[in-house]
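Student: Residue strings, one per chain:
There are 2 protein chains.
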Amino acid sequence: MWLPSQLPGIEEAMRGSGFQGDPKDLSDLSRPPMSAVVSLGGCTASFVSPQGLVVTNHHCAHGAIQLNSTPENNLIVNGFNAATMADEVSAGPGARVLVTDRFERITERILARARGKTGRAYHDAVEAASKAAVAECEAEPGYRCSVVDMYYGTDFHLIRQLEIRDVRLVYAPPDAIGSYGDEIDNFMWPRHSGDFTFYRAYVGPDGRPAAYSPDNVPFRPAAWLTVSTEPLAEGDFAMLAGYPGRTFRHRTAAEFADQVEWQLPSRVELMSALLAAVERATAGDADAGVRYAAQVASLKNTLKRAQGELDGLRRSHAVAERRTQEAAMLAWLPSQPDAAAIRADIDAAAEVIASARGTRERDQLFGLMQAQTQLLRGAMQLQRLALERGKPDAEREAGYQLRDEARIEAALRQAQRRYAPAVERAILAELLARHRALPADQRVPEIEAVFGADAASAAAALEALYSTTALADEAERLRLLAAAPPEVRASTDPLMRAAATLQQAALRLEDEDKARAGELLRLRPAYMRGMIGHARSEGRAVYPDANSTLRVSHGRIESLQPRDAVSYAPLTTVEGIVEKHTGVAPFDAPAPLLDAIARRDFGATVDPGLGTQTVNFLTNLDTTGGNSGSPVMDARGRLIGLNFDSNWEAVSASWKFDPRYKRAIHVDARYMRWIMARVYPAPQLLHEMGLPLDGADRAPAEADGR
Amino acid sequence: MWLPSQLPGIEEAMRGSGFQGDPKDLSDLSRPPMSAVVSLGGCTASFVSPQGLVVTNHHCAHGAIQLNSTPENNLIVNGFNAATMADEVSAGPGARVLVTDRFERITERILARARGKTGRAYHDAVEAASKAAVAECEAEPGYRCSVVDMYYGTDFHLIRQLEIRDVRLVYAPPDAIGSYGDEIDNFMWPRHSGDFTFYRAYVGPDGRPAAYSPDNVPFRPAAWLTVSTEPLAEGDFAMLAGYPGRTFRHRTAAEFADQVEWQLPSRVELMSALLAAVERATAGDADAGVRYAAQVASLKNTLKRAQGELDGLRRSHAVAERRTQEAAMLAWLPSQPDAAAIRADIDAAAEVIASARGTRERDQLFGLMQAQTQLLRGAMQLQRLALERGKPDAEREAGYQLRDEARIEAALRQAQRRYAPAVERAILAELLARHRALPADQRVPEIEAVFGADAASAAAALEALYSTTALADEAERLRLLAAAPPEVRASTDPLMRAAATLQQAALRLEDEDKARAGELLRLRPAYMRGMIGHARSEGRAVYPDANSTLRVSHGRIESLQPRDAVSYAPLTTVEGIVEKHTGVAPFDAPAPLLDAIARRDFGATVDPGLGTQTVNFLTNLDTTGGNSGSPVMDARGRLIGLNFDSNWEAVSASWKFDPRYKRAIHVDARYMRWIMARVYPAPQLLHEMGLPLDGADRAPAEADGR
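So the protein sequences, as listed, match chains A and B. Last residue of the first sequence? That's 706 in the numbering used here, and every number before it is there in order. Last residue of the second sequence? That's 706 in the numbering used here, and every number before it is there in order.
The set of hints was computed from the structure by calculation and includes no laboratory data. Hints are not guaranteed to be accurate.
What the hints assert, rightly or not - With a straight-line cut-off of 30 Å between C-alpha atoms, the simulated DSSO-like cross-links for lysine-lysine are:
#1 K304(B) / K580(A)
#2 K391(B) / K117(B)
#3 K391(B) / K131(B)
#4 K304(A) / K300(B)
#5 K580(A) / K300(B)
#6 K304(A) / K580(B)
#7 K300(B) / K580(B)
#8 K300(A) / K300(B)
#9 K131(B) / K580(A)
#10 K304(B) / K304(A)
#11 K580(B) / K300(A)
As the list claims (entries may be wrong) - Examples of chain B residues toward chain A, derived with CB under 10 Å:
#12 R191
#13 Q561
#14 E575
#15 I577
#16 K580
All values derive from a computational prediction rather than experimental measurement. Yeah, the Cβ is synthetic: ideal placement off N, Cα and C, and Gly gets one too.
In isolation and in its complexed conformation, chain A is listed as follows (with noise of 0.2 Å):
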């Protein structure tokens, strides 16, 4: 995951790979053709055409879909199509696209007032800088900026991206098409998914973002991507963009060891608990199974997650390693200037980072009790507004600012039909009975309490709270939201008594984590200037861990051998959709698609090698959570597909890349092109791109001038 601005100094690796390009070409991520690569906040996109033509995932586009559905015409399954840019339909006043067109070092501005502090004077500082750095950039309007950290305080990076806000649907595949599989096919490859859909940004009159409007016009970017009309095959040099979200590549050792050894086996061990506390307490009640059936099956993707992630961390022997690699470096460090100073700051990370571990039960525990309830953590988020609204904005806490309001108005009113009593007071017995086991030194005097020090106790401020509070009521919920802070705080409803004091102990424990965040924001930058010095010593470049930043990652498109006689092949074809057709969702194949397939009816994007229409591809690009819609590019930068998935065992690749299990799975361009030419036929668009309209390989003969 390189930035930009790195690939002229990896050159000759890119080269290996087999680009034919000039790695410089790519290194400024605010110039084309970078800036053809763009944000949707969470998903990555990239523009098409000189017209403003965005290509995502279908999946980073569903609520635009489902926004624009009606009893009549579900788009979700019959897809979207739009004739012309008239037809082109609001994607919801949320949709943006984001173009980068700065990317500034500002590392001595955003620390000059924390030198010399130390932890939570120290992360003030940065975040007070940081806060200052994003306003005055926000200041010209029509922009987003934020301020990014490379290398865990080492280095601070303004971004400023254009905020266009009128974005529209163009083109989406039904889907059954968009998201054939699923959640069943989620991670597992072989895939068949036609995950690709279409946006156009526009701008207004002036050229400048603008909220939607019909007197819009589209955006003219100064940067766009060409689809490849070439074949792929194994080994073919492939390279992706995007914005991933989050790694943890550049952690110590001991925090290796803490995540493979503590964090992800408790995480397993917790949420199977709570799954069967759910399950036990919605036992023979639909009402109620019904309510908590999301939650269920967020418990149960954090549960496969963290276990694909422990089996791939210890297949991987990730702490072992890592180990190793840290070994070498403090090995080699004395022989280096400021060795004593870098080896003192290390140590006093490493003391940081052992200190978080005797109280690691108990902020689990803490953070449960408000990320699994519904009501509980509506009165706490009421409690906490009362206070942060007597504040000016800016210092606010991150999620109480004037911006956030609308977010929690939506999960207070969520909460109704995500809530039964019973249920809520199974999950806060259970972590409640966790809770009572810690060490005396681990409890929170807070929780004590509130909900006594023993089970009966326990059960009975459960009944009490739970049979007494108003707060299961919509309006009241509402009613407080919009209520001044002391009415808020002189409620006398006992579960906003109850949020009252455990708010002590949330403000408490953050200030803990602040003060260690800053220590470790000072210390970390040590460690990491070891890691790369080391790394640099032996030849090698080191990237920063990800941060929603624009990456480039290069490499090919390769098999992959997961197990022992189990071999998979790097391309898919519509056979496989046949194969796995059955009928019922997320199996169920729309007659035209089968219709086509079965007329062998593929036209110039067929495979010449397997004679087929290929579909999905596998390569073993660089990749993670905010991925989601990377351009994936050939040699020459043209482009070749969508990356949309990745392998269940390349799930531990947020703490370790290896290489032998680590793959990305994109939607084959071809696939994209054959759907729009043979099976929902958008020919305008295809025109537009410059692609072939039959499928032929071919320029259109016809134009239609627009």
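Chain B: place on chain A using the hints.
Tutor: Okay, now just chain B, sitting in the frame of chain A:
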């Protein structure tokens, strides 16, 4: 699944696969080398030394291993390794090694008295002639005889087998090797199981079969197989001999359609409904849950297999293909002599088959009312036994002869552990509801007489029957088993009265069934003659459906592409054991195995291509239930492995052999040799088989002269 006698006729195809011997040498199953292949009754095995050493699957010897386990020495866990012959232990009084020494066509004798008859009379005449031939053959002590039917009534053969009754356990690896992966990996290539065990056959000092005695001596077989010391690779010739139980590949297109369109889907639906009924009835009742655990496992297994068979037959377009073959045969038929008579029989057979469709729902439900209950089935068995005991043994219904009484007693005893009244009532309530939904002309009057014609009557009848019957008491069941027939018939126990009424229906349905079976036995040979004749006209030979007689299959070591983009290599390695190892059964590889793998202590059994120790391999050989333990041989007839499983995609092969999907799974003889050389050493057995003692590719230096 060729009869050995057919092999000279397919010499060209065998040579094409790579066979290097003379097929004529394999054509007599009662002479060497085919007589080295023996039946254990349900499993296949083979002699591998002149001293009666027999090799078969670990899972075929599971009962013998369990029988010899003690609290102090659990042979299932520890394995078994007799240092000398004196240490070999009895596999139990029921263990058998059956050596075929006669295989004689007796069609004329069997059909002599059937000719001119129809329906039930034809059936009874064939049965009487078969029983007489068996009785005559078994007059000579030490033999077990049977009459088998080839091509559905076309040909009958008398088979005589030497019945060796002193079978001893010689060597078994621990269960964690012998059934590594167990139920989870069952049917799931890639597998990693060391599924082998050694027996030795003993006879009396006079060389004749005898019950276990310390005075017995090792049997000296006329033939034994040599174990190969050469490597294996994809594409190598392989052949396999064994006793496959039953296939249905020569059924008519109408029967294929019935299987795919009704039998399997209805089985899936019914098994799911019964599972749900049992689960509802055992919910919250741990004791009932334990009592029905085996029945639930069996229902699930039946359900899974039915679904797998259904998926496979659909995937292979089995119905359409058989329709095409049948149409081609019927189009060719008029050019043949006797065409009109053959066609008349074929059409008459089709009518008989069609007639069964009218009552298939009824027959299925009535069958399940016995198969899925404990007490009701017991009551019906007691009534039926009372009826049959009034006849000479030879005339009794199969299953109710003197030889069957011990089995019936065991079942009546076992009910004590497998019965809970609420669950049996729930099962019957489910089946009765379905019976009531049948059209009036399909409903069984006796069922209505016992359980009434509506839901309320059924509930009342079940309540009355199960709250008052004394049959829940094991002593009462055994008292009735021992009682004289008139006393049984006079029993006033309400469940015995119900069984007496239902027995009238059972006898009537049985009579209909036998009449249909007799007609089909008379008429099907015309269909077979048509299909065989048409195949011959196209140069194809046809083997009879499997019927537990010795068959040979030839082919190659072959990979499998079960789904789009998925490829399975044909050889697995010990690395896969390590990958699957979790420490929890069935993936708890024992320490000596893991240590030997870690040491890469492979010696001469290492695969030269893979550079590691192989475990299992995959061929395209034709197998079905009964082929467990079958020797797999190379082009020169040397033992290269033992068959023990097949792949999931091959579940439908009992109806249709589809070369894309049908594979057989074998334990590699090199893995067996390695386990015996380096992991749980048995140099005495390697020596007895003429194999290198230390895995080195040379004859043993020392010899113990046994």
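Student: Quick check: which numbered hints come out false for this structure?
Tutor: 9
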